[in-house]
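J.: Line by line, the protein sequences are chains A and B. In terms of numbering that gives the first Met the number 0, the first sequence opens at residue 0 and continues consecutively. In terms of numbering that gives the first Met the number 0, the second sequence opens at residue 0 and continues consecutively.
Treat the hints as calculated values from the structure; they're not laboratory data. All C-beta atoms in this analysis are idealised placements derived from N, C-alpha and C, irrespective of residue type, glycine included. Treat the hints loosely; a few may be bogus.
Stated by the list, open to error - Calculated pairs, BS3-like style, for lysine-lysine (alpha carbon to alpha carbon, straight line, at most 25 Å):
1. B:52 - A:256
2. B:59 - A:54
3. A:1 - B:52
4. B:52 - A:65
5. B:52 - A:61
6. B:22 - A:256
7. B:22 - B:69
8. B:59 - A:61
9. B:22 - A:61
To be verified - Reference excerpt, derived from the structure (chain B facing chain A, CB under 8 Å, subset only):
10. 21
11. 22
12. 37
13. 85
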Amino acid sequence: MKYDAEEIVEVVKMLNEQDLDIRSVTLSVNTLFAVSDEEEKVLRKLEKINELVSKFVDAVNKVEEKYGIRIVTKRVSVSPAQYFLEVISKEGFGVELAKKLDEIAERNSIDYISGYSAHAERGLSKGAKVLLDSLSSALNSTKRLTGAINAASTMDGVNVEAVKLFVDQIFSMRADASARTSILANSPKDSPFVPSAHHGEGLPDALVNVAISGPGVIESAIRATSPKSFVELYEVIKKASFKITRLGELIGRSVAKQMGVSFGAVDLSVAPSPKVGDSVASIIETMGIERLGGHGSVAALALMMDAVKKGGSMATSSVGGLSSAFIPVSEDSVMAERAIEGSIDFFTLLALSSVCNSGIDMVGVSKRQGKDKVIGLILDVLAMGIMLDKILGVRVIPLDANPGEYVDLGGLLGRVVVMKLKDIDVSKFTRLAGHMPNGIKRLEMG
Amino acid sequence: MEPAVVVVIGTDRPGIVAGISSKLAERNVNIVDISQTVLRGLFSMIMIVDVSKSTVSLGKLREELQQRGKELGVEVLVYHGEVFQFIERI
């Protein structure tokens, strides 16, 4: 292949000035071989993944060194811990299991290990109940472990009881622990992103999934071309998305090849980071919305995301995970700024969620506003997930602070702003018992 | 051939091309193509090199070239050729 100087300069700019990097390479590994009715046996058998994890770290380092591309995090996702707790149904064992996974991650310099998770969309099995009851103890006693509850699905409806138990748990968590915990509708089984990543059913024993981070590339492409029509804007985003996704495909394939395991998927999500110039909100603002939250924001995000998907789908033979724009408030510096100044509120985030897949993500809530409003907020997102047949989740950080205040969690997590929940009593609704039935979308499947 | 791209950026001064290319020769890396410009005192050079017979890994070569760059007061970036091939070609 002949290299054109302009092409070389373009790629070098993407990688250096526009913060294009690989957000995460995630090894998804089946850990169900370690299920046993003896606690000691489970912990001993789990040690077996150490070899694979260490091989994975070695492969990622080699690929990073060869290509000269930044790989920001290395993650591992494991089979949902729920399955271990179906057999040994003790909260204390859940915490031991959590600590073991955390320790394996720490030993291998893995940034996050994900899978302290359960499926509870139609009801609570014994294992799912124990997992939920031990969620705060498990997350509070670890640093790298992440957990998620799939509490809703298009097939099954919304398990409101699980939502209530989840909210009880996050209210007892440290901020860094609730930042590692989410609740979802239609959780995908091949996501490279935490906290939802887990090794789901129907997969081979090991897979490599990849997440890219390139909002800066998309923003710069729009700035450089100043499109005059929607179609021009669409084309610019589509082309930029193709290019950043190709990088994910190259790195994912290379790591999988190096390890001798299957390549899973590239998650097409546009994921921001708190760094300046790495913001999804900034893309929307570059498209002509003065501040994210203004009328037209949903249309702009919809247009962007559709173009990203069309460009990205051409660039990889296997898409997976959440594949959408992420709008985490704390992890996006412009988003956090807009939350502080009041341009966006919870309903803005809900409206944006209808055209992307992150839902309400990385937002602080004041514990002083009570649990019912948080339950209501989660139900809004999960209901939207099952009615629109989308992957949506909620990751809120309950804090002893007032709306408008914030705490800085540092690193990729950024500044968590406490956003005001509407001061309207919803307890009569949220305290209704049981399960919210599946919607009419279910019947479209048969 | 296993292509890699070496990009050098910095303030122009004598010895930059010699400094970088002598390191490449020392490691048995062949220069396939080279283009350089000086714009308002800013030196920029793009080299396509073949690392298939290199005596060190690409990571080590990058480290050594960046060290040489530091001595010369320029920034050196090194990427594997496949990065460009994947991003720029269908």
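J.: State for each hint whether it applies.
T.: Results of checking the hints against the structure:
The straight-line distance between the Cα atoms of residue 52 of chain B and residue 256 of chain A is roughly 22 Å, inside the 25 Å bound, and the hint therefore holds. Note on residue 59 of chain B and residue 54 of chain A: the hinted pairing holds, with a Cα-Cα distance of about 20 Å set against a maximum of 25 Å. Of the supplied pair hints, the one linking residue 1 of chain A and residue 52 of chain B holds, its CA atoms being roughly 20 Å apart against a limit of 25 Å. For a cut-off of 25 Å, the pair hint linking residue 52 of chain B to residue 65 of chain A stands: about 15 Å separates their Cα positions.
Taking the CA atoms of residue 52 of chain B and residue 61 of chain A, the gap is about 18 Å. The hint holds against a cut of 25 Å. Among the hinted pairs, residue 22 of chain B with residue 256 of chain A is inconsistent with the structure: their alpha-carbon atoms are about 31 Å apart, more than 25 Å. For the suggested pair residue 22 of chain B and residue 69 of chain B, the alpha carbons sit about 13 Å apart, so the restraint of at most 25 Å is met. Between residue 59 of chain B and residue 61 of chain A, the direct Cα distance comes to roughly 11 Å. Compliance with the 25 Å bound is thereby established for this hinted pair.
About 22 Å separates the Cα atoms of residue 22 of chain B and residue 61 of chain A, which keeps this hinted pair within 25 Å; it holds. Taking 8 Å as the C-beta cut-off, the interface hint given for residue 21 of chain B is violated, the closest approach to chain A being about 21 Å. About 16 Å separates the beta-carbon of residue 22 of chain B from the nearest beta-carbon of chain A, more than 8 Å, and the hint is not met. Because the beta carbon of residue 37 of chain B sits about 15 Å from the nearest beta carbon in chain A, more than 8 Å, this interface hint is broken.
Restraint check, residue 85 of chain B versus chain A: the minimum CB separation of about 4 Å is within 8 Å; hint holds.
Checked against the numbered hints above, the structure violates hints 6, 10, 11, 12; every other hint is satisfied.
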